[in-house]
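Please put together the full structure from these sequences, using the hints given.
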Amino acid sequence: DQQVKQNSPSLSVQEGRISILNCDYTNSMFDYFLWYKKYPAEGPTFLISISSIKDKNEDGRFTVFLNKSAKHLSLHIVPSQPGDSAVYFCAATNPSISNFGNEKLTFGTGTRLTIIP
Amino acid sequence: KAGVTQTPRYLIKTRGQQVTLSCSPISGHRSVSWYQQTPGQGLQFLFEYFSETQRNKGNFPGRFSGRQFSNSRSEMNVSTLELGDSALYLCASSLEEGRGGYTFGSGTRLTVV
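Going down the list, the protein sequences come from chains B and U. If you read the first sequence in the numbering used here, its first letter stands for residue 18, the second for the next number, and so on. If you read the second sequence in the numbering used here, its first letter stands for residue 119, the second for the next number, and so on.
Treat the hints loosely; a few may be bogus.
[Stated by the list, open to error] In silico lysine-lysine, DSSO-like type, Cα no more than 30 Å apart, as pairs:
1) B:Lys73 <-> B:Lys88
2) B:Lys71 <-> B:Lys85
3) B:Lys22 <-> B:Lys73
4) B:Lys22 <-> U:Lys175
5) B:Lys121 <-> B:Lys85
6) U:Lys131 <-> U:Lys175
7) B:Lys88 <-> U:Lys131
8) B:Lys22 <-> B:Lys71
9) B:Lys71 <-> U:Lys131
10) B:Lys88 <-> B:Lys71
11) B:Lys71 <-> B:Lys121
12) B:Lys85 <-> B:Lys22
13) B:Lys85 <-> U:Lys131
14) U:Lys175 <-> B:Lys121
15) B:Lys73 <-> B:Lys121
[Claimed, not checked] Restraint-style ranges between C-beta atoms, simulated for each label pair:
16) U:Gln162 <-> B:Ala58: 39 to 45 Å
17) U:Thr123 <-> B:Lys73: 42 to 48 Å
18) B:Pro57 <-> U:Asn189: 27 to 33 Å
19) B:Gly77 <-> U:Arg133: 45 to 51 Å
20) U:Thr198 <-> B:Val95: 34 to 40 Å
21) B:Tyr56 <-> U:Gln159: 17 to 23 Å
22) U:Gln172 <-> B:His93: 44 to 50 Å
23) U:Asn189 <-> B:Pro134: 24 to 30 Å
24) U:Arg191 <-> B:Pro57: 24 to 30 Å
25) B:Val95 <-> U:Gln159: 44 to 50 Å
26) B:Asp76 <-> U:Asn195: 35 to 41 Å
27) U:Gln159 <-> B:Gly77: 27 to 33 Å
Quick caveat, the hints were computed from the structure, so don't treat them as lab data. Beta carbons: idealized from backbone N, C-alpha and C, even for Gly.
Here it is in structure tokens:
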């Protein structure tokens, strides 16, 4: 049962254009969403996150949009650069009854982004 | 400051053997989580430890176990290895309050032959 889905396994975008990576989730209890970027032979690196009380969060070239009614979020990268070529993972968390800070992350299967020079 | 350190980086084991992987979190981080990454499955949560106690566990068989020491270092053990256990095992650490503050190590690539 894949609760977080990234339906596009790969995406190719021209350098300088906008990259849009999509993510859908099924568990309405998820309240915090994160994007990670992963290069080969390295661990995932945290990029940007968004709480369910917001619909947009921006950090430099990266913007995450959340549509709670559609259970959909997207990551926009503008402008795309060759160094952005990597696998991008969407992740989500449930609230913790005990309010500990480190709830488990439920990840999507990833989208491989290739930026074409 | 040093990041999350996982050892060894690569490991080849035979079916039926057992293996122990190690993770040293960022200094000051008290929570350590383990994930398994396989092609087509993404990252699957294994378990999470905080102050030497397992707080969360994913849907993996009992062959997968772990522990955390008083210095927050964690080990993961897989017994009776199966071919399907071949994967990249990732460890992540965070502060107690860290929503989104998860820092991953580079992982241990386990190959079972």
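Pairwise hint evaluation, Lys71 (chain B) against Lys22 (chain B), where the allowed Cα distance is 30 Å at most
21 Å, holds
For the pair supplied as a hint, Lys121 (chain B) and Lys85 (chain B), is the alpha-carbon distance within the 30 Å limit?
Measuring from Cα to Cα gives roughly 20 Å; hence the hint holds.
Evaluate the given range 27 to 33 Å for the C-beta pair formed by Gln159 (chain U) and Gly77 (chain B).
31 Å, holds
Has the given pair, Lys88 (chain B) with Lys131 (chain U), been kept, meaning a C-alpha gap of at most 30 Å?
Violated - the C-alpha atoms of Lys131 (chain U) and Lys88 (chain B) are around 41 Å apart, more than 30 Å.
Pairwise beta carbon distance, Gln162 (chain U) to Ala58 (chain B), judged against the given window 39 to 45 Å:
19 Å, violated
Pair hint Lys71 (chain B) and Lys131 (chain U), alpha-carbon separation not exceeding 30 Å:
46 Å, violated
Holds or violated: 24 to 30 Å for the Cβ distance of Arg191 (chain U) and Pro57 (chain B)?
26 Å, holds
Restraint status (C-alpha distance of Lys22 (chain B) to Lys175 (chain U) at most 30 Å):
Holds, at about 21 Å.
Take a look at whether the Cβ-Cβ distance between Thr123 (chain U) and Lys73 (chain B) falls inside 42 to 48 Å.
36 Å, violated
Is the straight-line distance between the alpha-carbon of Lys175 (chain U) and that of Lys121 (chain B) 30 Å or less?
OK: Lys175 (chain U) and Lys121 (chain B) at ~9 Å, within 30 Å.
Straight-line Cα separation of Lys22 (chain B) and Lys73 (chain B) no greater than 30 Å?
Status holds; Cα separation ~20 Å.
For a C-alpha distance cap of 30 Å, please report whether Lys85 (chain B) and Lys131 (chain U) respect it.
45 Å, violated
In this structure, the earlier hints numbered 7, 9, 13, 16, 17, 20, 22, 23 and 25 are contradicted, and the remaining ones agree with it.
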